[in-house]
Amino acid sequence: MDKQKQAVHVDQRFIEGLVRHDRVIIEEIYQRNAGRIRSLVVRNSGDADDAQDLFQEVLMALYRQGQGGLKLRCPFDVFFYIACRNRWINELKKRGRKRVTITDPEGFTMQSAAIPEVESWQKREEKEHLFYQKFQELGPSCRELLGLSWTLNPDTGKYNSLLEVSSMLDRSYGYVRKKVGECRARFMQLIRESGAYKDL
Amino acid sequence: MEDQTETYEAYLRGELPESERRAFEQSCSDPARRADFEMYQAARNSIIHRRAIREKEHALREQIQPLSKRFFASAKKRNLWQRNRGWLRVAAIVALVLSAFVIIQSNRYDDQRLLRIAMDERPLSATRGSEGLFSYPEAMIAYEQGRWAEAAKALEMIPGDDSVYSEAQLHAGYAWLHIGEYQRAVAALSRALPHTISPDQRQNVQWHLALAELGESKDLASLQPVLEQPDHSYYAQARKLRKKWNSIWR
Chain L
7 MDKQKQAVHV DQRFIEGLVR HDRVIIEEIY QRNAGRIRSL VVRNSGDADD
57 AQDLFQEVLM ALYRQGQGGL KLRCPFDVFF YIACRNRWIN ELKKRGRKRV
107 TITDPEGFTM QSAAIPEVES WQKREEKEHL FYQKFQELGP SCRELLGLSW
157 TLNPDTGKYN SLLEVSSMLD RSYGYVRKKV GECRARFMQL IRESGAYKDL
Chain B
15 MEDQTETYEA YLRGELPESE RRAFEQSCSD PARRADFEMY QAARNSIIHR
65 RAIREKEHAL REQIQPLSKR FFASAKKRNL WQRNRGWLRV AAIVALVLSA
115 FVIIQSNRYD DQRLLRIAMD ERPLSATRGS EGLFSYPEAM IAYEQGRWAE
165 AAKALEMIPG DDSVYSEAQL HAGYAWLHIG EYQRAVAALS RALPHTISPD
215 QRQNVQWHLA LAELGESKDL ASLQPVLEQP DHSYYAQARK LRKKWNSIWR
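As they're listed, the protein sequences go chains L and B.
When we follow our numbering, the leftmost residue of the first sequence carries the number 7, and every step to the right adds one.
When we follow our numbering, the leftmost residue of the second sequence carries the number 15, and every step to the right adds one.
Just to be clear, a hint being listed does not mean it is correct.
To be verified - Non-contacting residues of chain B with respect to chain L, defined by C-beta distances greater than 10 Å in every case (computed):
id, residue
1, E32
2, S43
3, D50
4, Y54
5, R65
6, A73
7, I78
8, R84
9, I107
10, Q126
11, E164
12, M171
13, Q220
14, L241
15, W259
Said to hold, decoys possible - Taking lysine to aspartate or glutamate pairs in the EDC-like style, the calculated list, with each CA pair at most 16 Å apart, reads:
id, chain 1, residue 1, chain 2, residue 2
16, B, K257, B, D50
17, B, K83, L, D59
18, L, K100, L, E132
19, B, K83, L, D53
20, B, K254, B, E242
21, L, K77, L, E125
22, L, K77, L, E33
23, B, K83, L, E33
24, L, K184, B, D50
25, B, K254, B, D125
26, B, K70, L, D110
27, B, K70, L, E125
28, B, K257, B, D124
29, L, K77, L, E131
30, B, K232, B, D125
31, L, K133, B, E20
32, L, K185, L, E199
33, L, K133, B, E29
34, B, K258, B, D124
35, B, K258, B, D50
36, L, K164, B, E29
37, B, K83, L, E125
38, L, K185, B, D50
39, L, K185, L, E150
40, B, K83, L, E63
No wet-lab data here; the hints were simulated from the structure.
Each residue gets a CB set at the ideal place from its N, CA and C atoms; glycine is no exception.
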């Protein structure tokens, strides 16, 4: 067993439960964290709606990363709180707050050891969000073509070939090949041109 | 950098012929090329992953909606107050300041305004005939039109033996009071006082005389003759005036 596997925290059960859509686990996540996150947001220039959105978005981000194999090395509640806190700071900055000083809810001890882990997770999440955002900026036909070409064919266990894509769309192979090439190049161009990518 | 996404895609699918694959791997020793390839790989894999879990993600969103409502609902009831708390505080402070300003303004009287408010211009029930040299009716027209100085001067010239003498002096006193000529008002009202024909009229003249003396001397002792008589018709007004005269807002 390697070191990384040994370091997985017992609270990994929350990530696994989330990935499984386990109703009991998800409810426990809400029970343990909703009050604290609400208090964090309400004490820091937000309201209950903001708290609800923040909670949901961080939970969905954890779900996506959990699907990708996220391993937790600190208590879930701490991880979740820091993730919400950092995201809320970014949100306040987006709303034009020049200086953001966060007041943490009483009775909650920040575990600074967990911060780098959350930050590296968050960076990954931000990067993936950027990719998704840029993909959405492509036209619908580009999204469809790239989506089909990046879909696994259950019969072959391989990604659809351009020939298969052209037959799905009832288009000529030449057209699909040219168009897919253009769409890939456009997708990459959008990412390269984004200021956010350079920061990540 | 020249677009290489077709090569990247073919490499990732394992579709590059051996020689091209080696050449590509060699080209990745260039850090810029490697970084570009890694970015393509990360973006591509991210989209593939996101699309693969798209439906599950949607299902989870649906699943957590009721929980979100349940756990954040109680707080939402306070939403209106929370959302507007800052503005409501500002509005309350502004309302408070405005109320204070209105209260202060409504209590801010200069002496003349204060005395004018306290006036009660009731005519004496004397016969309005005029046998004098100066026309009493014309003087009263000037008085009613607010030409105070003109009216007062004309009224003062009504001779002492005229039947409207006391009424003329009383109105001359009122007119001088209107324009803050307190000394002249005191003189006119003092002339009217001995000629009053009823207790009510006497108290009316006493009151205006007190006002004129107060205006002249700025001494509240002028009100004393009225304040000493609780059954005086102007007793309550005298107390009110004393209070306003001493008000801290003035």
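Results for each hint:
no., hint, in the structure
1, E32, "19 Å, holds"
2, S43, "21 Å, holds"
3, D50, "8 Å, violated"
4, Y54, "6 Å, violated"
5, R65, "6 Å, violated"
6, A73, "7 Å, violated"
7, I78, "6 Å, violated"
8, R84, "8 Å, violated"
9, I107, "20 Å, holds"
10, Q126, "54 Å, holds"
11, E164, "67 Å, holds"
12, M171, "77 Å, holds"
13, Q220, "67 Å, holds"
14, L241, "60 Å, holds"
15, W259, "51 Å, holds"
16, K257/B - D50/B, "87 Å, violated"
17, K83/B - D59/L, "11 Å, holds"
18, K100/L - E132/L, "15 Å, holds"
19, K83/B - D53/L, "14 Å, holds"
20, K254/B - E242/B, "14 Å, holds"
21, K77/L - E125/L, "14 Å, holds"
22, K77/L - E33/L, "21 Å, violated"
23, K83/B - E33/L, "12 Å, holds"
24, K184/L - D50/B, "21 Å, violated"
25, K254/B - D125/B, "14 Å, holds"
26, K70/B - D110/L, "33 Å, violated"
27, K70/B - E125/L, "26 Å, violated"
28, K257/B - D124/B, "14 Å, holds"
29, K77/L - E131/L, "14 Å, holds"
30, K232/B - D125/B, "8 Å, holds"
31, K133/L - E20/B, "22 Å, violated"
32, K185/L - E199/L, "21 Å, violated"
33, K133/L - E29/B, "28 Å, violated"
34, K258/B - D124/B, "10 Å, holds"
35, K258/B - D50/B, "85 Å, violated"
36, K164/L - E29/B, "11 Å, holds"
37, K83/B - E125/L, "29 Å, violated"
38, K185/L - D50/B, "21 Å, violated"
39, K185/L - E150/L, "11 Å, holds"
40, K83/B - E63/L, "14 Å, holds"
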